[in-house]
Structures are given as C-alpha cells and as structure tokens.
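Given chain A's structure and the hints, the job is docking chain B onto it.
Chain by chain, the residues:
Number of protein chains: 2
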Amino acid sequence: MQYVHNFNPTISDDEIFVNILEEKEHIGYYNLVSQETALYKEYAKTVKQKNIVVIGIGGSTLGTYAIYKFLKHSKELSKKLFFLETTDPIDIQSKIEGVDLEDSLFIVISKSGTTVETISIFKYLHSLVEINADNCVVVTEHDSKLNHYAKVHGMKQFEIPKNVGGRFSVFSAVGLLPLAIVGIDIDSLLNGAKEIHDGFFYDKNGTRTRLLKKARFFTEYKNKFNINVVFSYSSRLEGFNKWYIQLWGESLGKIDINETRQGLTPIGIIGPIDQHSFLQLIIEGRRDKTVTVIKVENFDNDLEIPSVTLEGLEELDYLNGLKFSSLINKQADATIESINAVKDIPCDVIMIDGVCESAIAGLMYEYKLLTSLCAKFMYINAYDQPGVENGKIILKKKLENKN
Amino acid sequence: MQYVHNFNPTISDDEIFVNILEEKEHIGYYNLVSQETALYKEYAKTVKQKNIVVIGIGGSTLGTYAIYKFLKHSKELSKKLFFLETTDPIDIQSKIEGVDLEDSLFIVISKSGTTVETISIFKYLHSLVEINADNCVVVTEHDSKLNHYAKVHGMKQFEIPKNVGGRFSVFSAVGLLPLAIVGIDIDSLLNGAKEIHDGFFYDKNGTRTRLLKKARFFTEYKNKFNINVVFSYSSRLEGFNKWYIQLWGESLGKIDINETRQGLTPIGIIGPIDQHSFLQLIIEGRRDKTVTVIKVENFDNDLEIPSVTLEGLEELDYLNGLKFSSLINKQADATIESINAVKDIPCDVIMIDGVCESAIAGLMYEYKLLTSLCAKFMYINAYDQPGVENGKIILKKKLENKN
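From first to last, the protein sequence lines stand for chains A and B.
Quick note: the first sequence uses numbering that gives the first Met the number 0, first residue 0, plus one each step.
Quick note: the second sequence uses numbering that gives the first Met the number 0, first residue 0, plus one each step.
So that you can see chain A by itself, here it is in the shape it has in the complex (with noise of 0.2 angstroms):
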C-alpha cells in the first residue's frame, strides 16, 4: 500500500513552539523588545514643536493611539499627540481646527510608503503650511518611495524594517518614536512587553503554558465559539479594543493550507458601559462567543462618591464612601460571575497592574504572542493581507478612470 498525506492535523505545544522558535528568526516583531532605544530618545530631546501630528492609518496609528489613549492623563506629558488618519473632510477640517499647524512636528507614516489615505492628507497638510526638514520626518521602509522624498528634502527618516508587519509595529519606531516624543518612557514599555517575551520563551510564570491553552482553546473551538469578545473594564482602553480588533481580524481571517476559510472574529467592548448595551446578548444570546475580561487592578486614583443622601434615592447609599476605582472593579466582578453563573460561555480574566507603560505593553506583546500562536495552530500566515489588495486595485482604477 502506498499512501499520500494530505490532512493537516492539530499539531502539539512542542511542535508550535518549535515553528514559532523558527518564525522568530526571520518575523521582526518578536525581537523589537530587546533593541536600542537611544535614537528615539535623542531625536526626541530636539523636538521644540509642541504638537505631534501623526498621519497614518491602520498599523501605523493604532497601537500608537491604543498607548498614548491608555496613559495620556496619568501622565505629565510634554506634548500633544494628533492622528490624521481618515479621508473624511469633515474629520480632517474639525481635527485641524484644533491644531497650531506652525508649533507642530509632522510624523509622516507609512510602511509602503505609498498609502492612499496617508499620501493624501499629507498632500493637503502642503496647502497649509510650508512643510521642511525642520517640522517633517517619515517612517517607512528603508527604500520606500516615501523615504526617497524625504531624502531628497533632507528630513529626518526612520526606519520600519521589512520583517515587522504594519499591525506588529508598535514597538519600532512607528510607536516608540511619537510616544518618546510626547514623553512616555518608552525603555519601560518595552521592559513591559519584554517580561512576557522572557515568560514565554523561558518558561517563566506560567506564561507560555497560559498563551499556548489559550491560543489552543480559541482554534480548537474556533466553529462553535467563533466570536472573541474583549471586555475592557477602563474607558483607558478603548485603543487597546481598537488595535486588538486590527491585530485579530486581520491576522487570523484568512485562506489556510488546506483552502478553507478560517477566521476568528474580534469584538471590543468597554465596561461598564457596555453592560448596558452588549451584555444582554453574551448572556442570553447564542453561545458563539467567548469572553475575556480586561481589568485594572489599581487605577492610583482616589476619586470617591461622597458621602452624599438624595431625597427618595436612600436605598443607594450602599454607595457612599466607595472609590470609583473600586465600583468599576466590582462591576467588572459582578460581570464575570454573571457569565460564569451561566456556566457554558468561556471566560477568562486578564488584571494588568496600573495605568502604567509596562502594563499596556506587556498586554499588547501578550496578544500579539496569542496572535501568532491561533496563526500557527489554524496553518495560516499571520503577517500577510491579500484579502485587501483587490479593493486596492479597484480604487486604484476608479480614480485613475477619473482623469
């Protein structure tokens, strides 16, 4: 008998992490927590505008935006930080308004260096302001078309490297150098994503058994459960919800080896808020979704309810005396004994410290491992997105056509 295999079969943890151990010879992202961060640090120091204006789109905003949302007022921070980031006019116009283009630093990204929305804006921003090497510098790949402008007007230029996808780039210079220059610390940033690049592959705190279950679980049931639901217990990060959206969808919604379509649906939603709006259908709803609740385990923050009686409103002064910090907490408890009590929708829980730079990026470099880990079990490539090009060339034509 001879015999030709064709099926692709779950494969074993050791086996993952061996494949992962070879991806990360030739994937940039893993290795971004151990790099030199003196360049940005020194540009940085220089910088005399007091607004940064970043014009970009998709990877090379969001989890820019999901750090700087996340710490932006527990932070004294030197300066403002702006996202030009959609063709919308009237978001454009309103977002200008609020900006003194004269005192602002203009950080030109994109990885292609080609980006419709990016190349646009940045077309316009030439309409309103004389743009130079004095309050202009790009991101891009080394020998992008947007790099050779740049050289050619003597601007500043950092690089992406080709093996860092756009949603994997948080921490090259596409967030590392805006977030250094508006004065977050980004050496402990990277400490923070740092910590869960050693626990997972050194074995440590449980880190890589937790993210190869979990990365387990979520393919394995990926038919029956084929909705993530991200429950963030903090308003703080709503941009963290955001960049996990682009990191889940479009990593993981995608043609794997043997043809069949795959795809784990990201969902982020902000409590308490959305208990009153979204809870309702995980609780009573079809059983198509798990949920992971995201908490703040110290805000550093004292803000209380006082110790206030309104006329026919006694029956709340269970509340008086209690720390904000501490009702949110409580709700997000309340919620997930809510779903546990139900017993059949998968839950886990995930306390990150502080409003803190090591708590948001050890949080990021843990979904980005997550990400990476589903790709492999499901057998498709993370790091591409040939679901969009085709649109691409639609536009593409469609404006050409116009001419």
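Quick caveat, the hints were computed from the structure, so don't treat them as lab data.
A portion of the hints provided could be inaccurate.
As the list claims (entries may be wrong) - Pairs of lysine-lysine residues, derived as DSS-like cross-links and limited to a Cα-Cα distance of at most 25 angstroms, are as follows:
{"id": "1", "chain 1": "A", "residue 1": "342", "chain 2": "B", "residue 2": "221"}
{"id": "2", "chain 1": "A", "residue 1": "49", "chain 2": "A", "residue 2": "74"}
{"id": "3", "chain 1": "B", "residue 1": "79", "chain 2": "B", "residue 2": "40"}
{"id": "4", "chain 1": "B", "residue 1": "68", "chain 2": "A", "residue 2": "71"}
{"id": "5", "chain 1": "A", "residue 1": "397", "chain 2": "B", "residue 2": "329"}
{"id": "6", "chain 1": "A", "residue 1": "395", "chain 2": "B", "residue 2": "342"}
{"id": "7", "chain 1": "B", "residue 1": "342", "chain 2": "B", "residue 2": "212"}
{"id": "8", "chain 1": "B", "residue 1": "342", "chain 2": "A", "residue 2": "221"}
{"id": "9", "chain 1": "A", "residue 1": "396", "chain 2": "B", "residue 2": "342"}
{"id": "10", "chain 1": "B", "residue 1": "71", "chain 2": "A", "residue 2": "79"}
{"id": "11", "chain 1": "A", "residue 1": "79", "chain 2": "B", "residue 2": "68"}
Only chain B this time, still in chain A's reference frame:
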C-alpha cells in the same frame, strides 16, 4: 387523532405587519415621530449655560451622542454637549477638567431613576458644585425615585414614557431635550424619522418591502450569518455605530418562545480606517457575516487634495485635484465591489442624503424598525433585557456587603 401544536415556524410578511401594527398600540417608540416638540424648544430658549452635561449611560446617552457626533462639525451650535457615562475614575476626572462646571446645565437621565453609574456620578458632582433647580433637570419615568428627588428640589422634570425602552428612546425627551438645547433642529430630526415611519406603515417608496425582506433574510440565515457588520464610510457615524450595537445586540440577544437562544451579533466599523483592520477578515475569513455599507451621499464639504507632486511619489498624482468627499465615497465603492466580487458575502448599501438632521434620524428609525421586525420573526421580545439583571443583583450584594 388529536394534535397539540407546539412549533413556531417562520411567519408571513402579512402576519408580521399585522403583529407590528398591534405592537404599535402599546410599544411607545413607533409614534414618537409625531409628538409635540414645543416643550423642549421652549425650555431650550431659557437655558443660559454654555455647557450641557448629560449624566447617563447606555440608552440614556448613545442615541444623543450618535446624533451630536454626526452633526456637531456641520452645524453652528450654540452650546457644547458633554457626556458623563462611565465609572472609570480617570475618565470622569479628565472629562470634568475640560468643563466649566459653574457654567453648566446638568441633565440627569435614567429611565429607572436608580442606575448605579448615573447616580454615582451625580453624587460626585454634588461634591464639586452646588446642584439646584437653576443648573439641573432630570429625565426619567414620571414615578421614579429620581423624579421624587427632582420634585423635592423644585427641579424641572421631563418624562420618559414607561413604554419607551432606553435603547429606543432617542426621539423622546432623552435625546430631544439635550439636542434642542445645543441648537439641533429637533423638528427636522422627527421629520426624517417620520419619513421612514410613513414609508413603512403606509407602504411608500418601497420602505415596507425593503425592511421586511432584510429582516427576513437576517433571520432566515441567522445560523449561517450570525454577525451583521455595519461598515460606515464617515467618522461622523462612529456614534451611530455604537448606538446600533446596543440596539441590535440588546434587542435580539434573547431566548425565544421555543426556549432557544437567539442572537445576531452587531459589529460597527468605520471606512476607510477599517479597510486597514477588519476588511481582510470579511473578505478571506469564514462566511459568517453580512455587511451593510453606509455612505454619505453629500458631505457638503469642498476639502480638496491640492495639485502637489511629491518627489518619488509621482505615481500618486492621480489623487491631485480630488475632493476628499469624492475619495471617501470612491473608497466605499471599491470596498463594495471587492466584497461583491467574492460573491458569497451578503452585502447591501444604504446611502444617506447628507450631514443633516433628517438623514441621521431616518437612518436610526430605519434600524429601529428593522430590529422590531427581526424580533418578530425570531419570536423574541425586543424590548426587555432580562440577561443583565443577575449582574446587577450580584453587584448590589458585593457593594452592600462592604458596609
């Protein structure tokens, strides 16, 4: 032979319409389109404060935010609207820092009158500023405990009818009061909603057929396509997306009369931003999603890409002279074409006329009707939310035990 009938199969369009007509007798949102608005407009004229601070959560804020976010940059509004809606202490603090509380009108909105988040924040405000009949009004059910408080203090009260659920309440005092105060034309809002109301109930412009077909499709294919993506091509519609997610998720995530879990999962994304995030998953992922693309026909905005040539980027000169409003709509068209090209993703397109009151209100009323219709087809009650009650009980216990 005797026979006991215990199946509830799909019902006909005519039966559904009769059911909705019956429901219209006792579910209040349907008829809000033809109410008297003088009381809101009269009160709005008396408001002296520059800042309008809404304290509420879920259905008490999402609809108002959707309309305000859609219109605020396109209308000359006389006042600014703020929303305090979460117990995240950093969020509360940073929002309050941006508002002059001494020049603020506080609108406390809670249907039940005892919403934990709303009352907690309201109590906190008492520690910052004197709250009295001159700077505070309440919007609640006529016999709620919050109304009792308002009466004691001689505060103006506006009623949420008992038969109008929170997520269906945007065209009641919940939305009309704050929107009228900041200068939005609430009669135009109601006219926009009324056009869809009349289209459906008097069978004009194909509205009834369109809505019935769409609701029937969503429910007949609910086990294959359990996710309904709304892909809005304007950042102005970000609030609408959030409102849609509550409306759809909380109304349709229910146990039906056959004791079977139902639930259509809403996702709201923004174009073109999410072409760089979620589109890959739509195109190459599992076929578990329908897609509704929403386009704004007329942005009434002349922002244009100037005829600037960037060295090295000459290939993108086809963008020169293009209006951003045209670019974003061509991006929407390219996305629609690329989705249709793969043939097996159900996709429809809604074009709204412009950035005006009637357009957003019509869109919202359309979605409310669609939700009611899906619920009828699915034999569920669109208007309750029993699944979140247990979490509230658990939270109350946790908080009372602390004392």
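Residue 396 of chain A paired with residue 342 of chain B [C-alpha distance capped at 25 angstroms]:
Holds, at roughly 20 angstroms.
Hint check: residue 49 of chain A vs residue 74 of chain A, CA-CA at most 25 angstroms. Holds or violated?
holds (16 angstroms)
25 angstroms Cα cutoff - pair residue 342 of chain B, residue 221 of chain A
holds (24 angstroms)
Residue 79 of chain A and residue 68 of chain B were given as a pair; does the straight-line alpha-carbon distance stay at or below 25 angstroms?
holds (22 angstroms)
Keeping to a limit of 25 angstroms between CA atoms, is the pair of residue 79 of chain B and residue 40 of chain B held or broken?
holds (17 angstroms)
25 angstroms limit on alpha-carbon distance, applied to hinted pair residue 397 of chain A and residue 329 of chain B
Holds, because 7 angstroms separates the two Cα atoms, which is no more than 25 angstroms.
Take the C-alpha atoms of residue 342 of chain B and residue 212 of chain B, compute the straight-line distance between them, and say whether it is at most 25 angstroms.
OK: residue 342 of chain B and residue 212 of chain B at ~19 angstroms, within 25 angstroms.
Could you grab the alpha-carbon distance between residue 342 of chain A and residue 221 of chain B and see if it respects the 25 angstroms cut-off?
holds (24 angstroms)
Holds or violated: are the alpha carbons of residue 68 of chain B and residue 71 of chain A at most 25 angstroms from each other?
holds (23 angstroms)
Quick one, are residue 71 of chain B and residue 79 of chain A close enough, alpha carbons at most 25 angstroms?
holds (23 angstroms)
Sort out whether residue 342 of chain B lies within 25 angstroms of residue 395 of chain A, counting only the CA atoms.
This hinted pair holds, its Cα atoms lying about 21 angstroms apart.
Every hint from the earlier list agrees with this structure, and none is contradicted.
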